[in-house]
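Dock chains B and C against chain A, hints included.
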Amino acid sequence: MPFIQNTWYAAAWSTEITRSLLARTIANENIVFYRTEAGSVVGLTDRCPHRFVPLHLGRLKGDSVECGYHGLCFDQTGACTLNPHGDGQIPRAAKVKSYKIAEKHGVVWLWLGEASKADESSIADFSVLTNPKFRTVCSYLHVQANYQLISDNLLDLSHGQYVHPMFKNAEGPPRFEAEKDPHSNEVWAKFSRPNQLPNKYFQMLGYPKDQRGDHRNFMRWNPPSLLLLDVGMTGVNRPVEEGLSIPTSHLLTPETETTSHYFWAMSRDFRQDEDDLSQELLRVGVAVFDDEDKPVIEAQQRAVNTSELMSLKPVLLHTDGPAVRARRIVEAQLQAEQR
Amino acid sequence: MPFIQNTWYAAAWSTEITRSLLARTIANENIVFYRTEAGSVVGLTDRCPHRFVPLHLGRLKGDSVECGYHGLCFDQTGACTLNPHGDGQIPRAAKVKSYKIAEKHGVVWLWLGEASKADESSIADFSVLTNPKFRTVCSYLHVQANYQLISDNLLDLSHGQYVHPMFKNAEGPPRFEAEKDPHSNEVWAKFSRPNQLPNKYFQMLGYPKDQRGDHRNFMRWNPPSLLLLDVGMTGVNRPVEEGLSIPTSHLLTPETETTSHYFWAMSRDFRQDEDDLSQELLRVGVAVFDDEDKPVIEAQQRAVNTSELMSLKPVLLHTDGPAVRARRIVEAQLQAEQR
Amino acid sequence: MPFIQNTWYAAAWSTEITRSLLARTIANENIVFYRTEAGSVVGLTDRCPHRFVPLHLGRLKGDSVECGYHGLCFDQTGACTLNPHGDGQIPRAAKVKSYKIAEKHGVVWLWLGEASKADESSIADFSVLTNPKFRTVCSYLHVQANYQLISDNLLDLSHGQYVHPMFKNAEGPPRFEAEKDPHSNEVWAKFSRPNQLPNKYFQMLGYPKDQRGDHRNFMRWNPPSLLLLDVGMTGVNRPVEEGLSIPTSHLLTPETETTSHYFWAMSRDFRQDEDDLSQELLRVGVAVFDDEDKPVIEAQQRAVNTSELMSLKPVLLHTDGPAVRARRIVEAQLQAEQR
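Protein chains in written order, with my numbering: chain A, 96 to 434; chain B, 96 to 434; chain C, 96 to 434.
Isolated chain A (complex conformation) (with noise of 0.2 Å):
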């Protein structure tokens, strides 16, 4: 089961590399991060090509790292730029893999694949997380399961009503509309709730308990495993811009064949000086991510053990169409990165 290699993949939230160095696997690699004395970011293999030892276990020497075991340094390129042994002369194969990396939306983007295939402009848009019309709140999630299996999760969100109380309503799970057009590249779960009573999520939120309205969860995927949820709350028939808007960041990011990293992130267009509110929603997406999706999650992986999901031939249901769009798209990448 190998991953896309031409792809942004998130490596991190932007605030996460410091001048500190950072260990991190992605897609089976293992690279340590740091940002410069300028400012910007680099990863680079974590393995002395010496004696393979992690480079995170060594030290930031300006721009440079310096291996922990004998202080070869290598410089943002990848280049050793010094042998402190003998006559210092230093061997041609002494160098390492730098990642390209971009920065943008406030995550840290990496392509695995060809440098010169790697275009900024390709990066899915969260560009919600910057949007000062928005406040933000970002946490980080380690999950034992392969990263499909959260992308399935997330856009099939009828299993709310079952895994999450707080997103529960009384009327059952909600309604999902097929896409009519589907774009080739792109994928759209829309999940509606017309003229209901607000779930205890959108009371906690503000939106009055006794009032009905329409509630809308609409996620958008883009591969490999970046999702985008547009989830709000209005009054029945009411537009979109009355009422109460969250939209949600899945950013999802194989570490193994099966672990994962996940990141997330609610945005609120509501309340944003309440600091309170902040602290109160990142409660809910520990207890609701980590809590519950996160234990549902790792139990199906260890059933599916190490087959590939689809191999095994899984029952499936009108609200599946999604999840199984989003694996064909990435299956047909896979592919041609093969050829």
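Each hint should be verified, as a subset may be incorrect.
Chain copies aren't distinguished; within one or between two, either way the pair holds.
[Stated by the list, open to error] Here are the simulated PhoX-like cross-link-like pairs (lysine-lysine), alpha carbons at most 20 Å apart as the crow flies:
1. 408 - 192
2. 192 - 212
3. 263 - 295
4. 263 - 156
5. 192 - 228
6. 304 - 263
For the record, the hints were derived by calculation from the structure and aren't laboratory data.
These numbers were taken from a predicted model, which means no experiment stands behind them.
Just chains B and C now, with coordinates in the frame of chain A:
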């Protein structure tokens, strides 16, 4: 190393199965157990055919299980009875296996193979467990070893002399009599200590410390690995009925190739109304089976690793006869099933 | 990745082997060690041939081990001397391997291969360990890495500059002199720091803080992985005898392909009667070997995973010469044994 399919496995004590969902793996099959409102026991494949999440993470609704992920419901026959999404149509493949179950002698018995071959009258006789003449205490032990290693242990009770201080006798290991006329589908392993002083166990049970007697340990084995020990002590050459009798049941069930469920019970025909003695027997059982046998058997499993014991050509002693016979009966049935 | 058979492995410090049973795995072989009543060391296969239970779970009876499961007894030659069951006949196959053992320099040495080839005089000279001119402290460390990665570490002491604050010198890594005339079965890795101020280690040992001197680190390696470091400091151009000498032994023994036993000792020819200094040296050894080297070497093992280091084509520096030579000597002996 496959497992016999057409046989009755002890799946649980009856008291373990309630109106809550209980997950248990038996012979590599993940099964969720529960009791219907009318009181019968149900065992279903513990995996929703939609997204493969274990059903035990869901909830019981009447006599059906609702999957905790997207709300599909399965009744006690394994049929999907509710799809809460879209037009509610139920896909043809939306069903799980419902296992053939029997409840007898206070034990829930599971049949993995063809239901048409399941005959409750073929369940080995453990009526002692519910016989009102006896007071019975039950327990459960999880062992990190193949079930046949535990069966070997119980069919060679000479180990009591070395493993269990409470069962040790001053005069050395017991006398073993090989079966003269073995039954084709049952094994007896008879150990006896005629005319000896009681060991600590019988002293604890009330046999006079300085009075010699005949101590018997007659183990009966039935496939796949159900053992009943007729253990007792009576005066020298006196009839069994005069002495103490404490038949002990050992129901072994494979969980995986290298892990097992071990259900044990002690039934006594004396001092039946003494709750303190019941507590003491549970304490002794844990000391003996959990704390003394289990470490030895698990060390043996680690030494044998994934090999089948007999393939390693163990040195055989006279006392290994019953264990070898039991393994041959299992092997013969396995081969018959594979034909 | 097999291990050399016809060589002496350090199995234990002499003080570790007593009248209790000690289990230790060496080069994938499980061995139980004990001392006879007369005081000689015995090493037997730690597995009863009857039911494969480790013998170390049994007990010592005189000079024999009684299996803890069914009471078979094995003497120091590995012969079964007692079958307590039935007619007591001892099956021909009831025996275990008794390993060839030597005890020398306070170390128990184990020979895995043909006993007839075992020659105690071929044990590398570690007489410093028991030389009364020196006071010696000993310790033991378990490392989750292949023994050759530890040997590599010790043969390139330039790592001290980066891994060990206590061994760091202001003037940078030490000077390395390649061997001019290498011995066919011994490797020397000589590092020196002529005319420098003492590092923290020599300050702690009592070398005057502001007095320059010649600091030497001359490592001797003998197969399979026995290292003796001649380490000391003396005045500039003064004879070695005038200065401090603290030869340090590093006896590395493979447990499995990816785990090792690491026996180390520090012997000093000064302040021999100061118990506080002995305690301080043990504390320093733990700080340096356990807390600083071990994490680096274990991270290296995880990076190398199950590959042999050289097969990954590491970049080689001048200072790697001795480690590469030592690996070649091991490889040559392995190949000779396989012929």
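Against the structure, the hints:
1. Taking the closest pair of Cα atoms, residue 408 and residue 192 come within 20 Å of each other only across two copies (16 Å); inside a single copy the shortest separation is 39 Å, beyond that limit.
2. Proximity of residue 192 to residue 212 under the C-alpha cut-off of 20 Å is restricted to the intra-copy arrangement: shortest distance 16 Å within a copy versus 50 Å between copies.
3. Taking the closest pair of Cα atoms, residue 263 and residue 295 come within 20 Å of each other only inside a single copy of the chain (8 Å); across copies the shortest separation is 61 Å, beyond that limit.
4. In this homomeric assembly, residue 263 and residue 156 come within 20 Å of each other (Cα to Cα) only across copies, at 17 Å, whereas the closest approach inside a single copy is 52 Å.
5. For a Cα distance limit of 20 Å, the shortest separation of residue 192 from residue 228 qualifies neither inside one copy, at 39 Å, nor across copies, at 53 Å.
6. With identical chains, the CA atoms of residue 304 and residue 263 are at most 20 Å apart within one copy only, with a shortest distance of 14 Å there and 68 Å across copies.
Against the hints set out earlier in the document, a violation occurs for number 5 only.
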